[in-house]
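Enquirer: Here is how the chains run, residue by residue.
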Amino acid sequence: MVFPGKKVGLIVFIVVLTGIVLFSRNQVFKSDFYQKTEYFMDTSVTVKVKKEPGAEEAVSRSMEVMKQWSLKLDRFNSESIINKINNSAGERVLLTENIYNLLKMAGKYYNLSSGAFDISVAPLMDLWGFGREEKHVPAEQEINSVRERVGLSKLEFNTADMSVILPAGMSLDLGGMAKGFIIDRGMESLQGSGINSAYINAGGNIRVSGKKPDNSLWQIGVRKPRGQAEVYQDFILALAGGSVATSGDYERYFIQDGIRYSHLIDPRTGYQAREMLTVTVYAPTAVEADILSTSLFIMGWQAGQELVENLTGVEAMMAREDERWVSSGFHKIAVFR
Amino acid sequence: MQRLLKYLTLYDKILIVSLIIVNVFFILFPLYHVYTGNQDEVGKGYIVIRNNGKVEKKIPVARTFREDPLLIEVEGRIGTSIIEAINGEVRLKEAPPEDPQKICEKTGWISRPGPSIICVPNQISITIEAGEDGLDGVSW
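Residue numbers (this note's numbering), protein chains in the order written: chain E, 1108 to 1444; chain L, -7 to 132.
Think of the hints as simulated: they come from the structure by calculation, not from any bench.
Note that beta-carbon positions come from the ideal geometry of N, C-alpha and C, so glycine has one too.
Check before you lean on any hint, since a few could be wrong.
Said to hold, decoys possible - Pairs of lysine-lysine, BS3-like flavour, derived with a Cα cap of 25 Å:
#1 E:LYS1143 - L:LYS94
#2 E:LYS1157 - L:LYS98
#3 E:LYS1143 - L:LYS46
#4 L:LYS85 - L:LYS46
#5 L:LYS85 - E:LYS1174
#6 L:LYS98 - E:LYS1174
#7 L:LYS98 - E:LYS1143
#8 E:LYS1318 - E:LYS1143
#9 L:LYS85 - L:LYS98
#10 L:LYS94 - E:LYS1158
Unchecked claim - A short list of chain L residues far from chain E (calculated; beta carbon distances all over 10 Å):
#11 GLU48
#12 ILE74
#13 GLU90
#14 GLN115
To be verified - To spell it out: a stretch of chain E is covered by chain L in this simulated footprint if at least three of its residues, at any positions, have a beta carbon under 8 Å from a beta carbon of chain L; those stretches are:
#15 1217 to 1229
#16 1323 to 1330
#17 1352 to 1364
Okay, chain L solo, but in the shape it has when bound:
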């Protein structure tokens, strides 16, 4: 083992450690959601909007069950992103004009914990935190 370690370059070690971290993340992350998804917390899910890594807004998913979409403007690093939420789903409706590729607009709608919308140029991310996934729909 000692001789093997000696043989590996610094980059080999970085690569191995990063792969292990990524693996552990992907093992624990789904387990976390399987666990939280079984909680009796119907209607208590949240849409979490992060700006530059910090939570800027936390909106109960239940508030999106309404006639007209809920529009949220977030002032990011390069401009204003417009986020739209309705019927338990959220998407990035409009990336700022300064964003050349607008990749996060193309991500489309998310409605459950797991996938996230990430706008790299404007440093905004949108995720849904568990709670609401016990229900298939809400009548209003």
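Only chain E is shown next, with the shape it has when bound in the complex:
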């Protein structure tokens, strides 16, 4: 025991150094977020919020709210209200206020998009196999016959008792708006829990609320429609609120005889909308972004652009084979690198 003091000193020094290093490592790796991912609506749903007391419970509640809504709006769920409307076609169905308003909203965008956005497209989706059956190209005759059972203008609304009558043979599919509507309910739940900085992503439909915990803007990329699913390097959205949705022919499709058939069917013709590859929409709420991305894709290059420029608070980016168009107000929220 020649230098016991020095040895103890050295050990203390190493222990303190290790402590400092581990502490600083935790500081560097410390995440500002609490996040959770679950699977429903046939996709993954991620909720990311500022890490603070109560964040975990708030995210769980929000997930639960979204799951409940996804069951209510799924036409293949025998307990859902949409299933009930479809199975009661020809009869009056009484609705709750929020479901009635949701169908009213679908009606509004049906008119605004000149019939391109139509939740009564279900029989056509089924015919093409985008429901539960096998995907295939139907005969022209079949398409023409099914088209007679499509058209939301035939849905009868009765505001007095908040009921609807769907004509016999018709059915509804909320695929073009449900995800957005459900994200909005999830965000509402988070805000009700006092969460001010939040992000919800359900299958590529994104809504953010407030800035990020470090006070910077949320950076949202957009997937390129072809190739290895890369992100547009020169088009990044920087958001402190609002929602982004993208519709592309690469999402759900099948290829027959070398031709791509996507799930984006024009309800007015019964065939795929083919003018565009992808459409990204920014709107204040997720349901608007969801509806409009589908609408613009189906409306096409010219009509789509005119609609966007006539709507306030809505911006869009559209891409077809050889060119890209960005609406006039997008420069305020998008970073063009």
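Here the structure of chain E is known, so what remains is to put chain L in place on it, guided by the hints.
Expert: Using the frame of chain E, we list chain L on its own:
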């Protein structure tokens, strides 16, 4: 100093050297990620799967933004591990039945450079290499 060195046993020296190596690693590792995280390489991150220390698969994070999860099977030392990647995140979904504790299944999802999933019995590791962390999300 000479007399101090003489006083330390071999194990003391091994301990000191290992602690220094660990410290240097933890100082440099975060700095490396702070540095690479600022690069303008949006959407270019990779999920790296190592089998017995060797890189077996390198998948662009951008490819995981899709409707259905990307499932990758890796044949390890004791059986097949199933790895699941979606929406910029990756996890070890199923460890082989031969793995008694399946600790790596319990690690859960990782979505950024830094943490890793390590399956000791099957000698498989999963990490995310920097690039993608400039973005908070991708719309598709």
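Enquirer: Each hint should be assessed against the structure and marked as holding or not.
Expert: Cross-check of the supplied hints:
no., hint, result
1, E:LYS1143 - L:LYS94, "holds (21 Å)"
2, E:LYS1157 - L:LYS98, "holds (24 Å)"
3, E:LYS1143 - L:LYS46, "violated (31 Å)"
4, L:LYS85 - L:LYS46, "holds (21 Å)"
5, L:LYS85 - E:LYS1174, "holds (22 Å)"
6, L:LYS98 - E:LYS1174, "holds (24 Å)"
7, L:LYS98 - E:LYS1143, "holds (15 Å)"
8, E:LYS1318 - E:LYS1143, "holds (19 Å)"
9, L:LYS85 - L:LYS98, "holds (9 Å)"
10, L:LYS94 - E:LYS1158, "violated (29 Å)"
11, GLU48, "holds (19 Å)"
12, ILE74, "holds (16 Å)"
13, GLU90, "holds (27 Å)"
14, GLN115, "holds (25 Å)"
15, 1217 to 1229, "violated (count 0)"
16, 1323 to 1330, "holds (count 6)"
17, 1352 to 1364, "holds (count 5)"
Comparing the model with each earlier hint shows violations of hints 3, 10 and 15; every other hint is respected.
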